Amino acid sequence: MNRNLFLKEIKRNTLSLAVWMVVITLFITVTMAVYPVFLANQSKIIGMMSLIPSGVLQFKGISNFTDFLSALGFYAVNNIIYMMVLGSIYAIVLSSGILLKEEYNRTAEYLLTRPLTRSEIFLSKLAVLFINIFLLNLVTSLAGFVCLELFKNAPFSIKAFLILSLYTLLLNMLFGAVGLFMSTLVKRARPITTMSIGLVLILYFIFTLSKITESIAKIGYLSPFRYVNTDVTNPAFSINFWHLSYFIGISLVLTVISYRLYIRKDIYT
Amino acid sequence: MNPPVIDITNLSKFYGKVRGIEHVDLEIGEGEIFGFIGPNGAGKSTTIRILMNMIFPTSGSARIMGMDVIRETKKIKNQTGYIPSDAGTYSSMDVYEFLSYCIRFYRVQNGEKRIADLSELFELDLKRKITDLSMGNRKKVSIVQSLLHSPRLLILDEPTTGLDPLMQSNFFELLLSENRKGMTIFFSSHILGEVQRLCKRVAIIKEGRIIQVENIETLRKKQLKKVYIEFAGRPGKEDFNISGIEGVAGGSGNMISFMYSGDLNALVGLLSRYTIINLMIEEPSLDEIFMHYYKL
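Chains as they are written, first to last, in numbering that gives the first Met the number 0: chain W, 0 to 268; chain H, 0 to 295.
Hints may contain errors.
Claimed, not checked - No farther apart than 20 Å at their CA atoms in a straight line, the calculated lysine to aspartate or glutamate pairs in the EDC-like style are these:
#, chain 1, residue 1, chain 2, residue 2
1, W, Lys10, H, Glu96
2, W, Lys100, H, Glu96
3, W, Lys100, H, Asp85
4, H, Lys224, H, Glu245
5, W, Lys10, H, Asp93
6, H, Lys126, H, Glu111
7, W, Lys7, H, Glu111
8, H, Lys16, W, Asp265
9, H, Lys224, H, Glu206
Just so you know, these hints were derived from the structure itself, not from any lab.
All of these numbers come straight from a predicted model, not from anything done at the bench.
Chain H on its own, in the form it takes in the complex (with noise of 0.2 Å):
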């Protein structure tokens, strides 16, 4: 059986006294889309970085395919393409230099055309200075020099920023195509509809800790359920002060809406008590899963 593509155990890092990650556990086997998301400072990047061995942990250890990201960096590196957020440039640089600099790291049969090819994909003018580039084609040149030598696994963090939604389409299209020829993707995002647009499985992490790991589709279907409720009368807010039931926001007339984890049994038990006009439960947004999590 292969090893995990991503085997983070018990991982941490530290600033000084400030909390970069705590305590990370991840497991990401080959051939996955994994999302991770958080919002900034929870500790994506400081993870990222670690694996990409750009800063080093204060305690725990990190694996790629089965190789500590320390000791084996470079074979690492070799089957491993990394696309930061915002990345600075080489200014005396253009779009084919850097390209061919980047590309000559590897060994690439056929390398001229493979920047042909991804350059023309993402419609990449080979001659402009990249310093002359618009964010958002800076961010296709960062997309392009990840591809380049065919990685088995991609590594991006919020890689769509500056990408304009037809760019961002194809973006996604060229992911889902890598990965079923087999390439293992971690996408770290705070944007929750990419993520759930993409990635079969993800981890959300707060404040340095990793709180959940998930199928999306049952995190979505995990008895988080939306409700909203019309009264006869107006209840008040006091008596939904009970388990399970959070966010109680009154909307217009005698409607109410909360999130509710829990058996539905015992929610349809206390509404009972109230003469109810209509009542409609729904399955909540992933937006608001998350939040959810984060109130946890």
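So that you can see chain W by itself, here it is in the shape it has in the complex (with noise of 0.2 Å):
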């Protein structure tokens, strides 16, 4: 690794993981702050909600109504859209241009004319991807934790919040494993932002619509999502080894493909 081309990389995308930190830390805050409302008036809300369709409740997270009740199930249900899809969406943008932003800005020529190999380049860049989805998931589910402790109405359990925590921390490395793979695969220099994100929404669409349609079920397994739980009211909620295993194992092995692939890829600027 490179302390210079690390440092400066950090510099560069100080300012975007801010302002991401503070729009997830937004969303988070505003729909906690509704929480106590719906405390509230839960009869309602819940009476309300038994009119809608299952279907349509499951697209939205919600397989069973005592989610709701705690502050941990209200978080999980209403906070994974921000902090998953948008936490993704913010891995896999920021993953596909580390490395292709120097080609589609024709600043490749500087970069690798410096003394450097592209392993000390690559693993540079590797670094500060990893740290930014770090710092981002830390500051979210410290904004997350806040808002419960500020919001709950009852003790809640840390040990299911760290759980949940991590299954987002895994999920965004997995989607900035994606993203790194398709910019090494890409010849001609140009940004794929677009397509990242169209692939993030994508995958949890179809992960959404194998909840609600029993026929396309299976079709489910193909989507990251899946493999993420959130039934934090389970008193059995724990980490699933196996979905473990799935996110570090596909991040790493990913990883190392995009590794090979940099090491031996032509740069055109």
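Two chains, each in its own frame: build the complex with the hints.
Written as structure tokens, this is what we have:
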């Protein structure tokens, strides 16, 4: 890893990281601020929700009304789209551009002519990617934790909260690895941001559709969102070893393949 | 004996089925200023990109200062400077930030002074954002970044694009001065005048193949002559359809001109059949020599 390149990349991505942190934190805060209102009117709201077809509720990620009654359940159901989908979009946009940006901005001719090996370039950028995704998750999870503490009506399981946060981090890391892999496959220098965001959204919709339509339930296994457990109100809620292996395994394999491809890639500007 | 600074052996690069370069051989010695001439698409940038390990060769090998351009690229780049033809910019940086970022990759003593000295020479405003600079000023930044670490080898890809004549002149003076201190310069260009002004030796590349490596002066003197003849009567162009004569063009009146490569006695023998009013044989310009090789 090269310290100079690492620090430059950290600085280059600071503003974007800060913006994403603020946006996701605001979404979480606003959503959680509704929780006391919901509690105060829970009988009316549950009455209204019972009129909504179960398929629609499942599409929203609500499988059980009792999920809503606890602060952590409310947090898990309502914040998944911000922390998991937006976090994954951040991760894939950052990772798909972190190497490729040097090509389509035509700065690769400066970077690749410095005394650096391709390995050093890759590892420096990978470290920046990892740290940025980790920091985003740390800050947004802390924001979630503070909101839960502020708005809870009863103690909640810290362990369940940490497991949910870990799943979010692993999912974001996986999309980070996917973006990196996609960028190393691109032959000609051009941004792949739209394609990356599209991939996250498509995989999210595949997951939600597979939940409401039994006939296509199996397609849901194609989506990484399927392997995230948000059932925090279940007393048996824990980390699933196979799901953990899935996230770590795929992320590692894609990162190693990306590394192998990048160190032999023809870089055009 | 020192190995050649650049040693390219049977180097080829194909982009799929499309030819980049084919069987390129080049050897450039320590302290040379070597010109690399060819039009766009001839393979100049491909060759340079392989040397700088931006792209990988399909076959063959290249060494710089005795080191393999793929395996030992880091060591090579510690001693090599590079000026791209038209690179992009880090939009968030000002000139000083960019140059500081560049110099930190090397172990340069008095780096701040080096930045200040070179920027002064090229009249660069260090506080300006690079994105706000004109093309010429961006080129100056590119030149300065390549010289920050006082490299042993400087590789230039069309380096004068965007520079005004005065700055070009300063730049060439600087190159000659650095060369006198021992720097080897590999100068790629399609502008023959600047190659002629700077380089001692030149390689001409055509459709991915090196077609000639020659001293500039030898190239100029190598039997290739520009011949102008004024005849008493107008001879047919077909009379000059013989080996060694090419580019026959009719001028005003009974004038004919052509390029001739070969034994001058044979040409005089041919001309003795005609009544000649005026005969002028001169050295061709480098452009004409270049075009001659391109027609071969």
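Numbered hints the structure breaks, given as an ascending list: Violated hint: only 9; rest satisfied.
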